[in-house]
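Please put together the full structure from these sequences, using the hints given.
4 protein chains.
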Amino acid sequence: MTEGEVRTRVRYSETDQMGIVYHANYFLYFEMGRTEYMRSRGHAYSDLERQGMYLAVVEATCRHKASARYDDVVIIRTRVEGITKATVKFYYRVFKEEGEGEVLLAEGTTTLACVTAEGRPRRLPREVADALAT
Amino acid sequence: MTEGEVRTRVRYSETDQMGIVYHANYFLYFEMGRTEYMRSRGHAYSDLERQGMYLAVVEATCRHKASARYDDVVIIRTRVEGITKATVKFYYRVFKEEGEGEVLLAEGTTTLACVTAEGRPRRLPREVADALAT
Amino acid sequence: MTEGEVRTRVRYSETDQMGIVYHANYFLYFEMGRTEYMRSRGHAYSDLERQGMYLAVVEATCRHKASARYDDVVIIRTRVEGITKATVKFYYRVFKEEGEGEVLLAEGTTTLACVTAEGRPRRLPREVADALAT
Amino acid sequence: MTEGEVRTRVRYSETDQMGIVYHANYFLYFEMGRTEYMRSRGHAYSDLERQGMYLAVVEATCRHKASARYDDVVIIRTRVEGITKATVKFYYRVFKEEGEGEVLLAEGTTTLACVTAEGRPRRLPREVADALAT
Numbered sequence: 293m294t295e296g297e298v299r300t301r302v303r304y305s306e307t308d309q310m311g312i313v314y315h316a317n318y319f320l321y322f323e324m325g326r327t328e329y330m331r332s333r334g335h336a337y338s339d340l341e342r343q344g345m346y347l348a349v350v351e352a353t354c355r356h357k358a359s360a361r362y363d364d365v366v367i368i369r370t371r372v373e374g375i376t377k378a379t380v381k382f383y384y385r386v387f388k389e390e391g392e393g394e395v396l397l398a399e400g401t402t403t404l405a406c407v408t409a410e411g412r413p414r415r416l417p418r419e420v421a422d423a424l425a426t
Numbered sequence: 293m294t295e296g297e298v299r300t301r302v303r304y305s306e307t308d309q310m311g312i313v314y315h316a317n318y319f320l321y322f323e324m325g326r327t328e329y330m331r332s333r334g335h336a337y338s339d340l341e342r343q344g345m346y347l348a349v350v351e352a353t354c355r356h357k358a359s360a361r362y363d364d365v366v367i368i369r370t371r372v373e374g375i376t377k378a379t380v381k382f383y384y385r386v387f388k389e390e391g392e393g394e395v396l397l398a399e400g401t402t403t404l405a406c407v408t409a410e411g412r413p414r415r416l417p418r419e420v421a422d423a424l425a426t
Numbered sequence: 293m294t295e296g297e298v299r300t301r302v303r304y305s306e307t308d309q310m311g312i313v314y315h316a317n318y319f320l321y322f323e324m325g326r327t328e329y330m331r332s333r334g335h336a337y338s339d340l341e342r343q344g345m346y347l348a349v350v351e352a353t354c355r356h357k358a359s360a361r362y363d364d365v366v367i368i369r370t371r372v373e374g375i376t377k378a379t380v381k382f383y384y385r386v387f388k389e390e391g392e393g394e395v396l397l398a399e400g401t402t403t404l405a406c407v408t409a410e411g412r413p414r415r416l417p418r419e420v421a422d423a424l425a426t
Numbered sequence: 293m294t295e296g297e298v299r300t301r302v303r304y305s306e307t308d309q310m311g312i313v314y315h316a317n318y319f320l321y322f323e324m325g326r327t328e329y330m331r332s333r334g335h336a337y338s339d340l341e342r343q344g345m346y347l348a349v350v351e352a353t354c355r356h357k358a359s360a361r362y363d364d365v366v367i368i369r370t371r372v373e374g375i376t377k378a379t380v381k382f383y384y385r386v387f388k389e390e391g392e393g394e395v396l397l398a399e400g401t402t403t404l405a406c407v408t409a410e411g412r413p414r415r416l417p418r419e420v421a422d423a424l425a426t
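These protein sequences, in sequence, are chains A, B, C and D. Residues in the first sequence are numbered consecutively from 293, following my numbering. Residues in the second sequence are numbered consecutively from 293, following my numbering. Residues in the third sequence are numbered consecutively from 293, following my numbering. Residues in the fourth sequence are numbered consecutively from 293, following my numbering.
One or more of the hints may lead you astray.
You can't tell identical chains apart in this list, so a pair holds if it fits in one copy or across any two.
Stated by the list, open to error - The calculated lysine to any residue pairs, modelled on SDA-like cross-linking and capped at a C-alpha distance of 20 Å, are: (1) Lys357 - Gly411; (2) Lys357 - Thr401; (3) Lys388 - Glu410; (4) Lys381 - Arg333.
If you are wondering where the hints come from, they were derived from the structure by calculation, not from laboratory data.
Pasting the structure below:
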């Protein structure tokens, strides 16, 4: 099972007045994870869009376990959980470095539907599906 | 069953290069819905924080049905779906005006845990729970 | 001298860990001001884009005088400060309601260049320039 | 003259319907530049806040020269342009990699005032001022 990994540092702009990362920003981290996962499988999403294939988020979920703060380094780990003819479901976990270990901050999923530039459903190309699934 | 309603206009900054509202921004609309729902029930969330009661998002979900674009007027309708001693679960639907009717864009939930300023779990005050539940 | 006015409520997502609105979010308020100003002058920006006329920000400035907090109502007042053949410069002030008066939070400008969908410079249509200038 | 450098990849969420990075997001890149510059000078901003010293943006400017797109790698270069008893002015340039060279996307400044946790003006500690200035 392939898993992609990418790191980023929490920006000040990503915090809210509770002093922690605003919850919806985890979906931006998920998106970073998805971008790097796809690139690592040989299909950078920016290339797919140039070829007229778009992936639109149709469902998103996130469970929050612990908080990240400004300047924390967070690690996003991404896997594919399922593929159908026209959708891909990604599974993400976000960790932060703490001491010598890691703490799970959040886990979640996004399901993306393959669409044309006009937003109409289309099949996921076989080679993309194969690359993402393995 | 009480339902709150608030409207907003899609900002340019909320769109992405697909030409539609970036998916995670629906959670910002949900937050607007929650803020106005709570105010309408007599407990503005800003007041609760001043009293040392915080609501932290522990779970969030969203299903996307249709797209909103820049300058669309979107309507957020909010209800409470469930309350426990220390959590509240909100249910949201986001619509856009179209012709004389409305189109459902997205529906979702957030579950919030009642915590202290330091992030420790605490009970939801009875009067707040009662007001939100009815 | 025409001046447009629009109000919005500070979202939780717009705050940062200093407990105030994150500075760059004032440019989102400016954008709301610009959108409503243009609509009030008879040229909704969404219509202009549909006609192939884009306005791209080439310069932006903001001076911060006081802070806004979550749930504050802010008022954005917008004027046109100057127009050339291919640019429009807007001037904005953001206030918050306080007691029976208002407090100036920030003032700033954005200069926008008229471009095609491909990003190439083009003239501002005479009727748009005339409408915005008066 | 010390100059700090940090790189990041444009997120999908940072684009707008013009297909380019939304202009206000350059201030988030500036903030990343400032964070890394300060860390490189021995005074991580997160540490300064823990010691009760806050830097609040009082003025921000940005001039846009060219556009960045999703998945571009942008490079933020940061310098200190001036220091007074209670303010620091940073100067930033944002580039993108293109072929074997770089293209200047934007340049700008932010002036930050040293304040207490309550937002009251205070002097910039001598050691911080000295470290940032050299």
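The hints, checked one at a time:
{"no.": "1", "hint": "Lys357 - Gly411", "in the structure": "between (34 Å within a copy, 12 Å between copies)"}
{"no.": "2", "hint": "Lys357 - Thr401", "in the structure": "both (15 Å within a copy, 17 Å between copies)"}
{"no.": "3", "hint": "Lys388 - Glu410", "in the structure": "between (38 Å within a copy, 19 Å between copies)"}
{"no.": "4", "hint": "Lys381 - Arg333", "in the structure": "within (15 Å within a copy, 38 Å between copies)"}
The structure agrees with every numbered hint stated previously.
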